[in-house]
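There are 6 protein chains.
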Amino acid sequence: MSDPSIVEVLRIVKTALTEDLGDPPRDVTSLATIPADQRRTGDLVARAAGVVAGLAVAQTVFDVTSTGTAQFTTVVADGDRVARGDVLATVTGPTRALLAAERTALNLLCRMSGVATHTRAWADRLEGTKARVLDTRKTTPGLRELEKYAVRAGGGTNKRMGLYDVAMVKDNHARAAGGVVEAYRRVRETFPEVPVQVEVTTVDEAVAVVDAGADFLLCDNMSPDLLRAVVAAVGDRAELEATGGLTLDVAAEYAATGVDYLSVGALTHSSPILDIAFDLRG
Amino acid sequence: MSDPSIVEVLRIVKTALTEDLGDPPRDVTSLATIPADQRRTGDLVARAAGVVAGLAVAQTVFDVTSTGTAQFTTVVADGDRVARGDVLATVTGPTRALLAAERTALNLLCRMSGVATHTRAWADRLEGTKARVLDTRKTTPGLRELEKYAVRAGGGTNKRMGLYDVAMVKDNHARAAGGVVEAYRRVRETFPEVPVQVEVTTVDEAVAVVDAGADFLLCDNMSPDLLRAVVAAVGDRAELEATGGLTLDVAAEYAATGVDYLSVGALTHSSPILDIAFDLRG
Amino acid sequence: MSDPSIVEVLRIVKTALTEDLGDPPRDVTSLATIPADQRRTGDLVARAAGVVAGLAVAQTVFDVTSTGTAQFTTVVADGDRVARGDVLATVTGPTRALLAAERTALNLLCRMSGVATHTRAWADRLEGTKARVLDTRKTTPGLRELEKYAVRAGGGTNKRMGLYDVAMVKDNHARAAGGVVEAYRRVRETFPEVPVQVEVTTVDEAVAVVDAGADFLLCDNMSPDLLRAVVAAVGDRAELEATGGLTLDVAAEYAATGVDYLSVGALTHSSPILDIAFDLRG
Amino acid sequence: MSDPSIVEVLRIVKTALTEDLGDPPRDVTSLATIPADQRRTGDLVARAAGVVAGLAVAQTVFDVTSTGTAQFTTVVADGDRVARGDVLATVTGPTRALLAAERTALNLLCRMSGVATHTRAWADRLEGTKARVLDTRKTTPGLRELEKYAVRAGGGTNKRMGLYDVAMVKDNHARAAGGVVEAYRRVRETFPEVPVQVEVTTVDEAVAVVDAGADFLLCDNMSPDLLRAVVAAVGDRAELEATGGLTLDVAAEYAATGVDYLSVGALTHSSPILDIAFDLRG
Amino acid sequence: MSDPSIVEVLRIVKTALTEDLGDPPRDVTSLATIPADQRRTGDLVARAAGVVAGLAVAQTVFDVTSTGTAQFTTVVADGDRVARGDVLATVTGPTRALLAAERTALNLLCRMSGVATHTRAWADRLEGTKARVLDTRKTTPGLRELEKYAVRAGGGTNKRMGLYDVAMVKDNHARAAGGVVEAYRRVRETFPEVPVQVEVTTVDEAVAVVDAGADFLLCDNMSPDLLRAVVAAVGDRAELEATGGLTLDVAAEYAATGVDYLSVGALTHSSPILDIAFDLRG
Amino acid sequence: MSDPSIVEVLRIVKTALTEDLGDPPRDVTSLATIPADQRRTGDLVARAAGVVAGLAVAQTVFDVTSTGTAQFTTVVADGDRVARGDVLATVTGPTRALLAAERTALNLLCRMSGVATHTRAWADRLEGTKARVLDTRKTTPGLRELEKYAVRAGGGTNKRMGLYDVAMVKDNHARAAGGVVEAYRRVRETFPEVPVQVEVTTVDEAVAVVDAGADFLLCDNMSPDLLRAVVAAVGDRAELEATGGLTLDVAAEYAATGVDYLSVGALTHSSPILDIAFDLRG
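Protein chains in written order, with the working numbering: chain A, 35 to 316; chain B, 35 to 316; chain C, 35 to 316; chain D, 35 to 316; chain E, 35 to 316; chain F, 35 to 316.
I should point out that these hints are in silico values taken from the structure, not numbers from a laboratory. Hints may be right or wrong, so weigh each one.
Note: identical chains are not told apart, hence a pair may lie in one copy or across any two.
What the hints assert, rightly or not - Using 30 Å as the maximum straight-line C-alpha spacing, the simulated DSSO-like pairs for lysine-lysine come out as follows:
hint: 1; residue 1: Lys-48; residue 2: Lys-193
hint: 2; residue 1: Lys-164; residue 2: Lys-48
hint: 3; residue 1: Lys-204; residue 2: Lys-48
hint: 4; residue 1: Lys-193; residue 2: Lys-204
hint: 5; residue 1: Lys-193; residue 2: Lys-164
Bear in mind the structure is a predicted one, so any value in this text is a computation, not a measurement.
Could you put together the complete structure from these sequences and hints?
Here it is in structure tokens:
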């Protein structure tokens with residue numbers, strides 16, 4: 035499970051710290067009450083069961099507020115399941131730095147762990163089938179790379195990053211090009227190095243685009259019966275992604291159709307956070 | 035309801051577009067299939083009932099991808115309630131620019147509207163009482179200003195921006211300063227221009243800090259009975275904020291205690307999106 | 035000093051870019067001579083001393099022409115005084131985008147800074163007196179919000195936005211209503227939520243309208259002696275605004291009469307620009 | 035002298051009226067004091083000598099506020115010289131509509147007439163020489179078409195509209211293309227239908243680009259002596275535009291060099307308004 | 035394709051609105067049933083295929099009834115071909131203003147588009163030949179400028195405006211002057227700045243007037259054979275306009291004679307409207 | 035058959051003459067060739083069969099160009115049927131005045147007679163039935179009063195003038211008022227002096243509004259069967275108007291349903307002219 039890029043993590047951490055501390059940064063309460071040389075220790079503790087993601091990101095926050103003087107020790111790893119009350123990591127450093135980092139670190143860690151926890155529920159539901167859960171481009175603006183990392187931490191699969199690295203032929207493109215097959219061909223020829231996925235709506239259309247060379251299809255809002263028909267018609271010649279209003283309740287039914295992927299926008303657009311606290315030791 | 039700052043909106047829009055389009059920006063599917071001079075019209079349509087926030091942010095996305103040539107006409111305004119099927123705004127412009135903007139604009143608009151919708155549910159529940167719903171610092175990293183704007187659009191109240199512009203004396207500060215009253219005094223003297231809120235845990239503590247001059251108290255995880263006792267003891271001398279695991283089900287009960295604010299982290303950390311689509315006209 | 039609204043800034047930027055680049059936008063010279071992937075850095079440099087206003091607006095122009103890929107770093111802030119040769123901001127991005135933005139960004143920045151510089155001269159002249167300089171509705175059509183922002187950046191005060199948010203009883207209204215006091219009363223009753231200013235021409239009239247409840251008077255084209263008499267008669271019961279052909283030469287003399295405001299249409303209708311250049315680095 | 039486009043005039047008038055009247059539009063003072071059915075007559079009167087421009091634009095304002103029921107009768111035409119006290123036009127209509135239109139109509143008419151008056155001063159100074167005064171792209175954002183119209187009304191010449199309809203090869207283009215002649219050639223070949231102007235700095239450079247086919251040169255910040263040398267070297271083979279800090283004091287000296295155009299940014303960026311009032315008849 | 039003049043458009047719009055709304059204007063049905071603050075959106079939709087003309091005129095109607103608060107967004111431009119069902123423009127504004135404008139806007143838009151559609155049929159028929167279709171003075175009283183604009187939008191050519199700006203020597207003038215050549219000479223001398231067209235009836239007459247200097251001939255009701263003879267005799271020395279009962283069926287035959295123009299009065303006196311509706315959205 | 039108002043006729047004649055002669059008026063060809071004191075006689079002659087309307091209007095044109103010195107003698111009257119070759123009127127006056135009036139007089143007379151001729155065809159088709167043909171508001175902008183007069187001349191009936199003098203409750207009003215009956219009641223109460231027509235779509239709706247007091251119904255796009263059902267249900271309690279795409283071919287079928295009126299927009303929006311010439315006697 036590859037890490038998010040450090041440049042991206044630093045960008046996000048800096049942005050988030052500036053939101054909370056202002057520019058120049060200051061925590062007025064701590065400056066007035068807490069001695070500059072006081073050091074303390076605190077624990078990141080799960081307040082609910084779930085899957086963790088974002089420990090390195092949280093550490094970055096403490097490192098930045100402490101100018102690298104805080105010690106951050108992990109107890110669990112990203113992707114691990116934790117129970118309520120589990121300690122995830124422990125931090126020792128200047129109290130002012132710990133308090134300055136606390137909210138920003140938690141905001142990132144809770145959110146990423148929320149995505150991982152939600153994804154894990156899907157991955158668990160699909161276990162034993164061929165289907166894998168896929169994320170979408172419906173991510174939080176500014177956090178796409180972190181959220182896609184969290185999806186991976188939860189056992190999901192990323193469908194690459196954006197409009198630039200994978201083509202997706204949908205109705206508007208087909209219409210402009212004079213048909214979905216023609217649209218596929220144009221993308222294929224114009225950007226030979228880019229993977230191309232094609233949205234289809236019927237069995238015939240699926241067969242036609244696969245005959246034209248497409249190996250990755252998107253089946254939007256199809257019924258399980260229709261999906262089964264597409265799977266039967268296409269066989270191993272292309273991978274199939276089902277999408278459109280999927281919920282955990284119907285996950286198994288859709289996975290049973292034989293498709294390769296179920297994609298779920300809610301993983302990144304509507305997951306509740308995993309509640310995690312930072313408890314300074316007494 | 036003042037706008038979020040231009041520079042902040044531009045920062046977020048640029049970041050989000052780069053996530054989706056790469057740098058240099060390109061949408062490979064559209065480049066291959068859609069003529070550069072084709073123009074179309076699309077509608078932003080609510081797929082569920084809720085409260086809208088973020089139209090100007092969405093407009094910014096379309097303006098940036100179209101070099102300002104898209105026309106964006108709003109039908110409703112931020113803060114308006116909408117029903118499923120309502121058109122929120124209409125955009126006409128180069129098809130390529132519309133498709134390049136679509137996902138990023140929706141990611142921002144759906145998220146902000148989700149926050150506004152959630153906040154509106156709280157504001158409605160508190161109507162007729164003295165209490166107002168307050169947000170917290172538990173915001174999405176990188177989106178604090180937009181989310182706080184969305185809270186306002188939903189009828190909520192912002193509790194200022196971060197650690198830098200309002201002091202909050204909590205247990206760690208009290209402990210370092212040798213008591214909560216002393217901590218309050220230090221902050222008051224060190225930063226006379228900054229508002230100071232003080233967390234209290236008992237009626238006596240509340241009276242003591244108010245006697246010392248505090249006019250804004252935080253009551254964390256207090257029962258309704260205890261809150262009523264604090265309200266009775268403090269009277270009009272200070273504003274009171276209740277917080278800690280509040281849900282819509284108990285909102286009325288807590289509001290009835292006479293506190294001024296109920297603060298709800300979930301407004302910004304766990305609101306589902308409001309589903310909004312961008313439908314290109316045929 | 036609150037920002038102008040995003041939607042208003044985008045409206046103006048789009049309009050101005052379309053004027054300069056056409057629709058669809060193109061800069062024929064750059065398209066023919068400058069490689070698409072060339073990036074350069076340029077500085078916005080003051081060519082004369084003055085006060086800056088409009089940096090966020092200028093940034094918006096560069097963001098729109100560069101699809102958000104230009105980096106805009108400010109060295110000074112709106113409202114700062116700058117000397118000839120000072121760098122105000124630095125921009126790095128695709129050369130084509132920089133050249134496409136240059137003239138539009140400068141047209142806005144130079145004009146807004148011209149207004150701020152002119153206003154600053156008035157604010158400086160009034161320093162140490164009670165009087166503040168006020169703008170009017172004599173603004174450039176389409177730029178009122180930006181110009182009123184620039185007035186604030188220059189140390190001036192805005193007299194609200196238009197005919198809709200503040201009432202001003204003048205001779206035509208008095209005549210229609212049967213006297214200035216009666217006109218004041220009608221406005222007061224019809225729109226109780228709207229501030230009402232009343233134009234007066236004599237001491238007796240001033241006293242009469244203040245006795246009727248008015249707390250904001252306009253004294254048009256009064257001599258300093260007459261102004262002093264009105265100030266003496268009205269005392270603290272109303273704020274007074276002097277207007278009519280005021281120039282910097284007589285500013286101190288008029289301020290010395292004890293009025294609260296001097297309003298100056300020329301701030302927005304006849305300020306020369308502040309000369310600012312965009313120098314690409316070699 | 036062709037009219038500015040209707041859509042552009044409507045866009046500006048609507049924008050300016052909304053700035054002044056709000057949306058929905060209301061003039062609170064008039065609503066409270068002036069009967070809906072009262073009609074009056076007013077005169078647009080010059081308060082200073084100058085050249086008029088913008089009468090149709092002013093009429094549009096009155097038509098829009100009166101739902102077309104105001105009568106607007108012109109006494110002079112755009113481009114005419116007027117003396118202090120001259121009536122330019124007379125308007126009869128509902129008093130409320132007249133007062134709602136007054137400031138917006140004047141803001142447009144005074145500004146456009148200010149540009150025309152300033153331009154006329156240049157045109158007069160150049161009379162009897164071959165040189166004509168030219169405007170630039172240093173226009174007020176949002177008002178370019180109206181300002182260029184006002185320049186024509188004042189006897190000036192427009193240098194087309196923007197970056198899209200005429201090419202101008204400057205140092206940055208020459209540098210990117212490997213020399214000014216090469217840059218000229220590229221533009222000439224890429225956009226054969228677009229006029230190309232080339233900035234030159236020496237006599238040799240002027241001869242070189244004219245030999246390459248250029249027929250329109252820009253001479254920025256050249257002394258009269260250098261301009262004369264360029265004129266002598268180039269002869270009738272190209273038109274020459276002198277620019278750079280030109281003022282009325284040196285206009286004749288520069289015109290005498292034999293150049294075809296003097297371009298003056300201040301026509302549009304720093305002209306004071308022409309003072310015009312709207313006097314309701316008693 | 036230059037716009038019709040603003041003042042003329044305003045005159046027509048005001049006249050037409052007064053016809054429909056009376057003076058003072060009122061729409062009794064809407065006043066009684068529709069709330070003043072209700073806003074809706076409507077689309078101008080083609081009910082038949084054709085060529086559009088008059089969008090700016092239609093916009094003016096909505097602007098005037100809404101005091102500039104309606105938003106009018108065009109999807110197509112004047113001169114574009116549209117299919118049945120195509121949306122031409124979208125308007126959002128106060129419902130009362132939309133309904134007050136609807137019929138007047140449609141009456142203008144449908145009529146102008148009818149002229150453009152009819153003209154386009156002629157222009158298409160003449161494509162590939164040298165001949166262009168010309169309008170006449172047989173226009174709808176009060177709408178000449180708009181109809182001539184619509185002819186241009188449909189690909190036709192205007193034969194200037196009226197009796198004042200172009201001379202046309204016909205039989206009555208020839209008879210009064212003592213011959214067609216003499217009539218031509220008198221006009222030529224009396225109004226040297228005015229173009230002169232001469233009506234001829236034979237080859238000899240054509241040669242005679244061309245020898246006398248005429249360069250624009252009118253051939254009324256000539257057969258194709260006679261036209262060919264005139265073309266052969268005159269050569270490039272004059273432009274020829276054929277007129278008189280021309281229909282689309284014979285257009286190609288007449289164009290093949292080598293004349294420069296076919297003029298068709300029916301373009302403006304007998305074109306059916308293009309059916310366009312204004313559909314308020316549900 | 036009442037005349038159109040003279041003020042309206044003069045307005046139209048002046049407008050149309052200015053279009054053709056310019057301002058100040060001149061006919062350059064006649065000025066150069068025809069002696070000022072020459073007088074001639076001409077005939078207005080029908081070139082096709084039809085019904086005449088507009089003779090008084092045509093006379094007005096000749097009177098205006100001749101300063102009242104032309105003699106205009108009618109042979110037929112408005113409303114009369116004429117055959118090809120029939121003389122309608124004869125005019126004697128200064129030749130220059132006759133030629134200056136010719137085109138404008140014909141443009142008005144041919145158009146009005148075209149409307150009358152078209153209307154007559156409908157009136158003839160309905161003869162023997164109860165139904166009468168009705169015009170609509172789909173008139174030529176600026177010519178409504180003249181066209182409605184021409185409809186009367188052709189045997190049609192006017193449905194009053196505009197939105198101001200008769201109410202028409204349609205779907206948008208019903209929707210805003212909460213139902214068609216409620217909308218009817220509001221209009222009835224608000225404007226008791228104004229006739230109210232109500233659009234209905236079903237028999238039940240027709241009965242409901244008639245029960246509520248309505249006495250004039252509009253049946254849009256109903257089939258003959260449905261119309262018959264409405265007629266049966268309503269009886270004599272209300273007048274019924276059928277409309278929507280009616281053509282001469284189905285006129286009898288619709289008239290047979292028992293409705294009172296058939297309304298036909300094409301009478302005024304798409305009638306071809308009646309060809310009439312002005313022949314100067316030799």
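Inset, instruction - Go through the copies and call it for Lys-164 and Lys-48: within, between, both or neither, with a Cα cutoff of 30 Å. - result: For Lys-164 and Lys-48, the Cα distance exceeds 30 Å both inside one copy (41 Å) and across copies (38 Å).
Inset, instruction - Can you give me the call for Lys-48 and Lys-193, within, between, both or neither, at a CA distance of at most 30 Å? - result: both (27 Å within a copy, 22 Å between copies)
Legend entry - Alpha-carbon proximity between Lys-204 and Lys-48, which holds within one copy, between copies, both or neither at 30 Å: between (37 Å within a copy, 25 Å between copies)
Inset, instruction - Could you place Lys-193 and Lys-164 in one of the four classes (within, between, both, neither) given a Cα distance threshold of 30 Å? - result: Only inside one copy: Lys-193 and Lys-164 sit 17 Å apart there, 33 Å across copies, limit 30 Å.
Legend entry - Same-copy or cross-copy closeness of Lys-193 to Lys-204 [CA-CA at most 30 Å]: within (16 Å within a copy, 43 Å between copies)
When held up to the earlier numbered hints, the structure conflicts with hint 2 and nothing else.
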